[in-house]
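K.L.:
Here's the letter readout for the chains.
Protein chains: 2
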Amino acid sequence: MIEQMIEIQRSSCNPLITPRDVTPSYPDWEVLGVFNAGVARYQDEIILLLRVAERPRQTDPQHVLVPVLNLDCRDGDSVESVMKTISIDKSDADLDLSDPRVIRDCSGNTLYLTSISHLRVARSRDGQRFVIDEKPSILPEGELESWGIEDPRITQMGDRYHITYSAISERGVAVGWITTEDFSTFTREGLILAPTNKDAAIFPEAIGGKYYMLHRPVPEGIGKPEIWIAESPDLRHWGNHRFLMGLREGHWDDTRMGAGCVPIKTEEGWLLLYHGADQSQRYCMGAALLSLEEPDRVIARMEGPLIVPEAEYETSGFFHSVIFACGAIVSGDQVIMYYGASDDSVASVSVSLPQVMDALNHSKTKG
Amino acid sequence: MIEQMIEIQRSSCNPLITPRDVTPSYPDWEVLGVFNAGVARYQDEIILLLRVAERPRQTDPQHVLVPVLNLDCRDGDSVESVMKTISIDKSDADLDLSDPRVIRDCSGNTLYLTSISHLRVARSRDGQRFVIDEKPSILPEGELESWGIEDPRITQMGDRYHITYSAISERGVAVGWITTEDFSTFTREGLILAPTNKDAAIFPEAIGGKYYMLHRPVPEGIGKPEIWIAESPDLRHWGNHRFLMGLREGHWDDTRMGAGCVPIKTEEGWLLLYHGADQSQRYCMGAALLSLEEPDRVIARMEGPLIVPEAEYETSGFFHSVIFACGAIVSGDQVIMYYGASDDSVASVSVSLPQVMDALNHSKTKG
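Sequence order for the protein chains is A and B. Using the working numbering, you'd call the opening residue of the first sequence number 2 and step up by one each time. Using the working numbering, you'd call the opening residue of the second sequence number 2 and step up by one each time.
In isolation and in its complexed conformation, chain A is listed as follows (with noise of 0.2 Å):
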């Protein structure tokens, strides 16, 4: 099978980055993750955005702290008053405390998240080694992303970055688009999808004088979560949503799926790593070619896996059996693919581009 013989190099630094090596935003918090990083080469540098996760450090076994944004906070308030804690009672039976990420009640609807995530900028001139930012770079604000801000994907064109990213709060999880020129200040442009959606790519070029953008709707009752295609004239209003790409039953990509990384421009196509789970929630990473010239075109779609969570950071960690990213840099041959590693650290790959252009062109005389 042809699809093995693609190497898959783990960087020997790996993890790159962990929860240690990041200064949490107050000195009473604990950094419980840090994953799912946005990539950009800028300047000289490789810059991750990562999503950081936090929580209050948890000193009542009886209680479990749940940090949110603090909506009554002024522009003039000091930024020990961004955040805030609530204390839940451990003990009560009307709560469902099974899933480390999450607080439900007995109905399932989910009540507070038990981290609440920004973005913080990591800089590297190796692409390996990487400075971190003391401080947050980009915190929630507001109403609609009072629980956090989670999972960025930056597309670069010219001298500008476009961030997607899932802004989350009681209200459910939509698409919001931050830009930059410089990484240090951002101008937030509002919600471009409405909830529940994810994982939204922005194609790094116009394409027949439209921008495309790649998105994961969740819908609810009828339907599942599989990749989407919109278009733009604008990036800031989207429409002509067309579904692009499904699960696959009893495939290793049977029951989510997502983007994933930025799409790659190669000669063959656009080249799509997206990540897929099963049914026991194992997080891979898979590989797609989108047409050129109509991207809402899948023309060749690997059969197994790319990548399969196996090294002892990618088994174990705070939600374990996870390959997640967000983005992923090219430099000569090879695809530098950035991760999250089981919802805890960040980790890197390198996927020689010849190889996995093969494996795709062997799938599609097959399909």
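Because the hints were derived from the structure by calculation, they are not lab data. Treat the hints loosely; a few may be bogus.
Note that identical chains are pooled: a pair holds if it fits in a single copy or bridges any two copies.
[Said to hold, decoys possible] In the SDA-like style, the derived pairs of lysine to any residue whose C-alpha atoms are separated by at most 25 Å in a straight line are:
1. K266 x S292
2. K225 x E142
3. K225 x I87
4. K136 x R58
5. K136 x T24
6. K225 x D73
7. K91 x Q63
8. K225 x L72
9. K225 x E144
10. K211 x N241
11. K91 x Q356
12. K211 x T180
13. K85 x K136
14. K211 x I265
15. K266 x E311
16. K225 x C107
Knowing the structure of chain A, use the given hints to seat chain B on it.
P.N.:
Positioned in the frame of chain A, the structure of chain B alone reads:
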């Protein structure tokens, strides 16, 4: 309580249109319901764009015959092959047939709808006696409408009518957009909102150079079915999604809600007649007022419902105790609202606009 002073005049012709008034699409099919109609003035007539829900006649007591779009149908094929029938064994223990509208598997996933809806034009000079087209005006089309099209709302801008509707398929419930200038030829303009979303209503004019649309995401896991607002430069692409108006615990609208009628311009603001349901699934219509210049700002909202299912045709029917309106017209100082009664028939009600505005002003001074 001033809200009780609003006179509600149901038409003496109610229900205006019932299933027996509608010719089914095929001789061996039956019309289950005609309801949730879009409303427009066209030339000197009132147009209703009816949702017609049909199914094959149930001739076999052991099976449910379920209609779906025949996706293998080609352009040259006869109209008979547009739909096909799937036969479901009622004794299959893996199926949940408890909801008359859907067939679910034991995990609660919807497998089929028991009926398929298309849209059909009805015309009237007096707004009470309607002549209904013999054949479907707009049939579902393509993979993303293979389970039907539902709940149209019509917004007139100049000579052009913009129809938003629910596009249903196994991929989910999304919002589609169709335009017409004459209600005999229709142009499909694509999906403007990804699943799960419903109850989209476009404002009848641009406000500050932008178009606005109310919509109702159905978030999965986190969030509730509440009303959001989006904006657009061209009606085709939508962004800047914001939360507008939410459920009220312990009220008549504490479980789900949606935009209802296309917003009606008044001197004091945009009058929004919206639907809300409580935990018993009783659907009523209520009223709110949005700022004329900033339609994302709710300036008043009536405490109680405006119209409650009370008449016999509203309290019994296919899915009983439902009043669900997609449109209304203003005639003198009366708002004539057309609504689906119990997912069965179309009815109309007349309400004094000044009285509604008084009640809204009263709720404003309270709030």
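K.L.:
Now, for every hint given, state plainly whether the structure supports it.
P.N.:
Outcome of the hint check:
1. K266 x S292: within (10 Å within a copy, 46 Å between copies)
2. K225 x E142: between (29 Å within a copy, 21 Å between copies)
3. K225 x I87: between (33 Å within a copy, 22 Å between copies)
4. K136 x R58: within (18 Å within a copy, 66 Å between copies)
5. K136 x T24: Cα proximity of K136 and T24: one copy only (7 Å, versus 67 Å across).
6. K225 x D73: Between. Shortest inter-copy distance 23 Å satisfies the 25 Å Cα cut-off; intra-copy 37 Å does not.
7. K91 x Q63: within (6 Å within a copy, 50 Å between copies)
8. K225 x L72: Intra 33 Å, inter 20 Å, cutoff 25 Å: inter-copy only.
9. K225 x E144: Answer is between: at 15 Å across copies they meet the 25 Å cutoff, but 27 Å inside does not.
10. K211 x N241: both (11 Å within a copy, 19 Å between copies)
11. K91 x Q356: neither (51 Å within a copy, 51 Å between copies)
12. K211 x T180: both (19 Å within a copy, 22 Å between copies)
13. K85 x K136: within (17 Å within a copy, 60 Å between copies)
14. K211 x I265: within (17 Å within a copy, 34 Å between copies)
15. K266 x E311: neither (28 Å within a copy, 61 Å between copies)
16. K225 x C107: both (23 Å within a copy, 16 Å between copies)
Hint violations for this structure: numbers 11 and 15, all remaining hints satisfied.
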